[in-house]
Amino acid sequence: MRSRNVDEQKLEGLIANLLRAGVVLSAFVVLSGAVMYLGFHPRAHADYRTFHGEPDSLKTVHGVVRYAFSGHAMGIMQLGLLLLIATPIARVISSAAVFAVEGDRMYLLFTLLVLAVLLYSLFGSSLFV
Amino acid sequence: MNVIEFTFLVWTGSLVAGFLGALTGLGGGVVLVPLLTLFFKVDLRYAIGASLVSVIATSSGSAAAYVKEGFSNIRIGMFLEIATTIGALLGAFLTAKVPASALAIIFGVVLLYSAYVSRRTRPRTETPEPPDPLATKLKMNGTFPDTSGIRNYNVYRVPAGFGVMFGAGAISGLLGIGSGALKVVAMDQAMKIPFKVSTTTSNFMIGVTAAASAGVYLSRGYIDPGLAMPVMLGVLIGSLMGTRVLVKTQTKLLRLVFSTVIVLLGLEMVLKGLRGGF
Chain A
37 MRSRNVDEQK LEGLIANLLR AGVVLSAFVV LSGAVMYLGF HPRAHADYRT FHGEPDSLKT
97 VHGVVRYAFS GHAMGIMQLG LLLLIATPIA RVISSAAVFA VEGDRMYLLF TLLVLAVLLY
157 SLFGSSLFV
Chain B
54 MNVIEFTFLV WTGSLVAGFL GALTGLGGGV VLVPLLTLFF KVDLRYAIGA SLVSVIATSS
114 GSAAAYVKEG FSNIRIGMFL EIATTIGALL GAFLTAKVPA SALAIIFGVV LLYSAYVSRR
174 TRPRTETPEP PDPLATKLKM NGTFPDTSGI RNYNVYRVPA GFGVMFGAGA ISGLLGIGSG
234 ALKVVAMDQA MKIPFKVSTT TSNFMIGVTA AASAGVYLSR GYIDPGLAMP VMLGVLIGSL
294 MGTRVLVKTQ TKLLRLVFST VIVLLGLEMV LKGLRGGF
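So the protein sequences, as listed, match chains A and B.
Just so you know, we're using my numbering here: the first sequence kicks off at 37 and counts up by one.
Just so you know, we're using my numbering here: the second sequence kicks off at 54 and counts up by one.
For reference, chain A alone in the conformation it holds in the complex:
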């Protein structure tokens, strides 16, 4: 039987704050982009009936970052969404750190495996589309 020790309580507190901060930050960035987007093109036609896919500047991590920092509303909103996607990844990284400190090698391995899948999806999957 495992008891809830101090480290674990610390981990849980850390994770809770991390998740909350990630969501708040991403919502703020998305909202900032939204204000620009709606302010600049309020009368543009919204049509999502047919699938065109997104341009390259909105499809890759470095493309989105570059597009956002050049001040484009679409890029800023997409950057906010990327921050949201990054939140669970940061959560997994912090769990890995805590398992490493606790010396729990088995769970460190599990956590790194999950992290590898997440990073592959974000950075590697575009290579095989």
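Derived by calculation from the structure, the hints in this document are not laboratory data.
Take the hints with a grain of salt, since some may be wrong.
Under the rule of at most 20 Å between Cα atoms (straight-line distance), these lysine to aspartate or glutamate pairs were calculated in the EDC-like manner [claimed, not checked]:
no., chain 1, residue 1, chain 2, residue 2
1, B, K190, A, D140
2, B, K249, B, D199
3, B, K245, B, D199
4, B, K249, A, E48
5, B, K190, A, E138
6, B, K249, B, E321
7, B, K249, B, E122
8, B, K245, B, D185
9, B, K192, A, E138
10, B, K94, A, D140
11, A, K46, A, E138
12, B, K245, B, E321
13, B, K192, A, E48
14, A, K46, A, D140
15, B, K94, B, E321
16, B, K192, B, E182
17, A, K46, B, E122
18, B, K192, A, D140
19, B, K94, B, E58
Assemble chain B onto chain A, guided by the hints.
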């Protein structure tokens, strides 16, 4: 429809979906895709992309609260996330290969199934079993706060749970939903994890599972910021409001109404899919 009108209407719809989803515990994600495709005529792939993003927002937002209360089991979550993330990656790759009408039919069936699961009362035979050696080896047995103090629990049938979780991840990646209903089935029914622990741990896992398919969706161009923005902001605010009033309201009737809506949307997805309308 111009951008302002479209954004406002999608935001309002997503807010209501997030609110009802949190209030009834059925999740807002399941109604989002039918809402976007059937009412706003959004292409299924854009709808799935926007829905997936909002799933990460609600999962992370509410998991923050549950983690602090000490209900979710981080070791169980992490171990099962190996299955859900690999499943989600596979599901996300399959989304591009499966025709849109077939996706819509699968989506409808999943909707009908989650409505069925939510209506079913779960008969639980509480025969005490000896601790599962594999669960013990994986340090999964834990404790959670109860009205009568700290309660211990054991975990069983780890391989079966792991298998169902792989399926739940694949469905999540294929359809852009959290597939919380399936995750709870794996933990509650197969692994005999207490209901409160399984629902909160499931919620905790949904964000990581969704992040595993989000990268694939992004590189495929399924995530359109103009559409995902009102969906994400609406669902996030709606579900936060839903969790606030959760304790105060009588949710039985609301659950009945909401699951009826889910059944109708599920049937419509299946029928429209069969007619090749996607």
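Against the structure, the hints:
The hinted pair formed by K190 of chain B and D140 of chain A meets the criterion: a straight-line CA distance of about 12 Å does not exceed 20 Å. Among the hinted pairs, K249 of chain B with D199 of chain B is consistent with the structure: their alpha-carbon atoms are about 10 Å apart, no more than 20 Å. For a cut-off of 20 Å, the pair hint linking K245 of chain B to D199 of chain B stands: about 17 Å separates their Cα positions. This hinted pair checks out: K249 of chain B and E48 of chain A have alpha carbons roughly 17 Å apart, not beyond 20 Å.
Between K190 of chain B and E138 of chain A the alpha-carbon distance is near 17 Å, which keeps this suggested pair within the 20 Å criterion. Our distance criterion of 20 Å between C-alpha atoms is broken by K249 of chain B and E321 of chain B, whose separation comes to about 33 Å. Annotation: proposed proximity of K249 of chain B to E122 of chain B holds, straight-line Cα distance about 11 Å (limit 20 Å). A threshold of 20 Å between alpha carbons decides the hint, and for K245 of chain B with D185 of chain B the separation of about 11 Å falls inside it, so the pair holds.
For the given pair, K192 of chain B sits about 14 Å from E138 of chain A by alpha-carbon distance, which is consistent with the 20 Å threshold. Taking the CA atoms of K94 of chain B and D140 of chain A, the gap is near 50 Å; set against the 20 Å cutoff, the hint is violated. About 12 Å separates the Cα atoms of K46 of chain A and E138 of chain A, which keeps this hinted pair within 20 Å; it holds. Distance restraint check for K245 of chain B and E321 of chain B: the Cα-Cα separation of roughly 35 Å exceeds the 20 Å cut-off, and the hinted pair is therefore not satisfied.
As the CA atoms of K192 of chain B and E48 of chain A are separated by approximately 17 Å, the hinted pair is consistent with the 20 Å bound. As the CA atoms of K46 of chain A and D140 of chain A are separated by approximately 16 Å, the hinted pair is consistent with the 20 Å bound. Restraint check for K94 of chain B and E321 of chain B: the C-alpha separation of about 14 Å stays at or below 20 Å, so the hint holds. In summary, the hint linking K192 of chain B to E182 of chain B is supported, as the alpha carbons are separated by about 17 Å, within the 20 Å threshold.
Between K46 of chain A and E122 of chain B, the direct Cα distance comes to roughly 12 Å. Compliance with the 20 Å bound is thereby established for this hinted pair. Proposed proximity of K192 of chain B and D140 of chain A is supported: the alpha carbons are some 10 Å apart, at most 20 Å. Using a Cα cut-off of 20 Å, the hinted pair K94 of chain B and E58 of chain B holds, with the two alpha carbons roughly 14 Å apart.
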